[in-house]
Amino acid sequence: MPLHAQAPAPIPDKTHVIDRSGEPVFELRSVSHSYGRNKVIFDVSLAVWPGEVVGLVGDNGAGKSTLLKIFAGYQHPTSGTLRFMGKDVRFATPADARAMGIEAVYQDLAIVDQLSLWRNFFLGKEIVRTIGPLHVLERQRMRREAQQAISELGLTRVRSVEEPVWTLSGGERQSVAITRAMHFGAKLLMLDEPTAALSVRETRNVLASIGRARDHGLGVLYIDHNMNHVLPVADRIVLLELGRVVRVMDRGEVSLEELQDLIARRP
Amino acid sequence: MDSDTSQKPISATPSAGSRVQRRSFAEILLNVRELAPGLGLAAVVLFFTLQTRNFWSPQTMTAISTIASTIAIVSIGVTMLMICGEFDLSVGQNFAFTPIIWAILFVTNGMNEWLALAVALALAICVGMVNGLVTTIFGIPSFITTLGMFFVLQGLNNLLISGHQLIMFDPSSAISLLGARIGTTPFYMPLVWMFIIAGAFWFVLARLRYGNWTFATGGRVGPAKAMGVPTGRVKRTNFILSAFFAGLAGCMQFAYLRGVTQGQGQNYELLAITAAVLGGTSLFGGTGTIWGSVIGAFLLATIQIGLVLIGVPGSFYVTFIGVMLVIVVIANVRLGRFGTNQA
Chain A
1 MPLHAQAPAP
11 IPDKTHVIDR
21 SGEPVFELRS
31 VSHSYGRNKV
41 IFDVSLAVWP
51 GEVVGLVGDN
61 GAGKSTLLKI
71 FAGYQHPTSG
81 TLRFMGKDVR
91 FATPADARAM
101 GIEAVYQDLA
111 IVDQLSLWRN
121 FFLGKEIVRT
131 IGPLHVLERQ
141 RMRREAQQAI
151 SELGLTRVRS
161 VEEPVWTLSG
171 GERQSVAITR
181 AMHFGAKLLM
191 LDEPTAALSV
201 RETRNVLASI
211 GRARDHGLGV
221 LYIDHNMNHV
231 LPVADRIVLL
241 ELGRVVRVMD
251 RGEVSLEELQ
261 DLIARRP
Chain V
1001 MDSDTSQKPI
1011 SATPSAGSRV
1021 QRRSFAEILL
1031 NVRELAPGLG
1041 LAAVVLFFTL
1051 QTRNFWSPQT
1061 MTAISTIAST
1071 IAIVSIGVTM
1081 LMICGEFDLS
1091 VGQNFAFTPI
1101 IWAILFVTNG
1111 MNEWLALAVA
1121 LALAICVGMV
1131 NGLVTTIFGI
1141 PSFITTLGMF
1151 FVLQGLNNLL
1161 ISGHQLIMFD
1171 PSSAISLLGA
1181 RIGTTPFYMP
1191 LVWMFIIAGA
1201 FWFVLARLRY
1211 GNWTFATGGR
1221 VGPAKAMGVP
1231 TGRVKRTNFI
1241 LSAFFAGLAG
1251 CMQFAYLRGV
1261 TQGQGQNYEL
1271 LAITAAVLGG
1281 TSLFGGTGTI
1291 WGSVIGAFLL
1301 ATIQIGLVLI
1311 GVPGSFYVTF
1321 IGVMLVIVVI
1331 ANVRLGRFGT
1341 NQA
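Sequences listed follow chains A and V, in order.
Under the working numbering, the first sequence has 74 at position 74, and the numbering climbs by one with no breaks.
In short: position in the second sequence from 1, add 1000, done, that's the working numbering.
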């Protein structure tokens, strides 16, 4: 990660290479959430700036998934505000969040195995020529654009966009999904344990894809409980505990062992 | 589907910018899903050509082509539905129900034949809508929904013609359009319709956005939905297609035979699925081809007539088909062919 090789800043925020003078891509302001009478998120404020990878870590039940659902528009917070690019927003459906450029890449929900790479790449966003009631696929154009995006954005191992995706490995699928999000102009990328069940080399490839997304100026929210993977790419690490943000740490401020101890300790 | 076991070694060729890389001719040929069923059909035809003296006679051609074309038309709708991950067990009863409605309105009650046909087909569409709505709204397996519809229609068919046969004596323009002989050839109109419908739906699957959505819905419904594909609407539309083509094919059979009984279309729900599976369509959704199903229908019809020609008792046909179906599915699973689609 040559871009962020600078010495860690002594004070959190402000002095890091990330420009946090503008508006964050996405921001939660004092968000709380309850499922019925069961309160799971307590007054969480969290912002992701363009070109920043925020690692959201915490043990099971810390509220990571609930926060992800709030970000992606699957849940409305019980109280608090959501701000996207400096404006208050409220998502009626996950599709609203997607339309604004908030793209969630889920481990299991990224790719349709049986479709070829280019068909996956453009799934739901097909380029079509409309002839009467028919939406005819612009196949050559989509093949060309998918090939271009994939060779520019790094999936060099892919020989042909005609390959059905089941010929790709789990990590390559994740990378296709990340590349696709970048290609379609996502502003915020959310990844929920993208490296779970991947080999070491595959993990490195996926982390490299995340790095490329950040270099393209996307904000990245990276949710995981595997510290080994979060720590090298995250610019900031937000530690959740029982629905509360208990610590925000800058890159280099904390070591792997410290972080693991922090998570493992019970309040 | 485990990605790691199915992973192929991919050579790391430097991709030349935006150029779309082409696959070799042999690779394309190997990936044509219709190749295996096509070779199977060729083998069966060759076998009966050598074993019988009258395989290529006009009578045999008429029998095979009319049976094959009606099964194929039913199977095209069923294939669309299977690719998007659902089944329709009501097509066989619909195959009788629609022409019974048509015949009652037009032969028995003297309604204008085109209007009567439109009403009958509209009812077929309603059957498909009910199948689709019940399945998608309540989230139950379409196996159950359409099994229920199978019994509903069977009861209605019994009620409507209670063991009689409805016979059409006078030739008419609608009957001719759907079932007349083509000139002096041994072939009849259903064969022409089959080619038109198959061509149209090959185009839908390979070239239209709707085809992409149908494959994606059956491939994995979660990602498809997450990427913005209206999977419920895709399924409902394919239920309608399945019911409509079953009804239309039933009307063609009526027009060709000039008569319909409540027994028409018996087993057709299973034969349509069998034709699709023989043609390479996956039972799990996500893969399949229209021409494969057409070839599958011709396989069924050729074996049915061929066995009669070589003197095997007619009832042996279904036994034979049953064994063949299982073997073909085992072969497909073993060869991993259910892993991809080639639209």
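Heads up, a few of these hints could be off.
[As the list claims (entries may be wrong)] The calculated label-pair distances, taken between Cβ atoms and stated as ranges, are:
| # | chain 1 | residue 1 | chain 2 | residue 2 | range |
| --- | --- | --- | --- | --- | --- |
| 1 | V | Gly-1139 | A | Ala-196 | 43 to 53 Å |
| 2 | A | Ala-196 | V | Gln-1051 | 50 to 60 Å |
| 3 | V | Gly-1139 | A | Asn-228 | 51 to 61 Å |
| 4 | A | Arg-204 | V | Gly-1228 | 24 to 34 Å |
| 5 | V | Leu-1133 | A | Arg-37 | 32 to 42 Å |
| 6 | A | Arg-129 | V | Ile-1140 | 48 to 58 Å |
| 7 | V | Ala-1180 | A | Glu-152 | 37 to 47 Å |
| 8 | A | Arg-129 | V | Phe-1195 | 18 to 28 Å |
| 9 | A | Phe-42 | V | Leu-1133 | 54 to 64 Å |
[To be verified] When the alpha-carbon atoms are kept at most 27 Å apart in a straight line, the in silico DSS-like pairs for lysine-lysine are as follows:
| # | chain 1 | residue 1 | chain 2 | residue 2 |
| --- | --- | --- | --- | --- |
| 10 | V | Lys-1225 | A | Lys-125 |
| 11 | A | Lys-69 | A | Lys-87 |
| 12 | A | Lys-69 | A | Lys-39 |
| 13 | A | Lys-187 | A | Lys-87 |
| 14 | V | Lys-1225 | A | Lys-187 |
| 15 | A | Lys-125 | A | Lys-69 |
| 16 | A | Lys-125 | A | Lys-87 |
| 17 | V | Lys-1225 | A | Lys-69 |
| 18 | A | Lys-39 | A | Lys-125 |
It is worth saying that the hints were derived from the structure and are not from the lab.
We treat Cβ as the ideally placed atom computed from N, Cα and C, and that holds for glycine.
Status of each hint after checking the structure:
{"no.": "1", "hint": "V:Gly-1139 - A:Ala-196: 43 to 53 Å", "verdict": "28 Å, violated"}
{"no.": "2", "hint": "A:Ala-196 - V:Gln-1051: 50 to 60 Å", "verdict": "58 Å, holds"}
{"no.": "3", "hint": "V:Gly-1139 - A:Asn-228: 51 to 61 Å", "verdict": "39 Å, violated"}
{"no.": "4", "hint": "A:Arg-204 - V:Gly-1228: 24 to 34 Å", "verdict": "31 Å, holds"}
{"no.": "5", "hint": "V:Leu-1133 - A:Arg-37: 32 to 42 Å", "verdict": "36 Å, holds"}
{"no.": "6", "hint": "A:Arg-129 - V:Ile-1140: 48 to 58 Å", "verdict": "38 Å, violated"}
{"no.": "7", "hint": "V:Ala-1180 - A:Glu-152: 37 to 47 Å", "verdict": "59 Å, violated"}
{"no.": "8", "hint": "A:Arg-129 - V:Phe-1195: 18 to 28 Å", "verdict": "25 Å, holds"}
{"no.": "9", "hint": "A:Phe-42 - V:Leu-1133: 54 to 64 Å", "verdict": "43 Å, violated"}
{"no.": "10", "hint": "V:Lys-1225 - A:Lys-125", "verdict": "12 Å, holds"}
{"no.": "11", "hint": "A:Lys-69 - A:Lys-87", "verdict": "19 Å, holds"}
{"no.": "12", "hint": "A:Lys-69 - A:Lys-39", "verdict": "15 Å, holds"}
{"no.": "13", "hint": "A:Lys-187 - A:Lys-87", "verdict": "14 Å, holds"}
{"no.": "14", "hint": "V:Lys-1225 - A:Lys-187", "verdict": "21 Å, holds"}
{"no.": "15", "hint": "A:Lys-125 - A:Lys-69", "verdict": "23 Å, holds"}
{"no.": "16", "hint": "A:Lys-125 - A:Lys-87", "verdict": "26 Å, holds"}
{"no.": "17", "hint": "V:Lys-1225 - A:Lys-69", "verdict": "16 Å, holds"}
{"no.": "18", "hint": "A:Lys-39 - A:Lys-125", "verdict": "37 Å, violated"}
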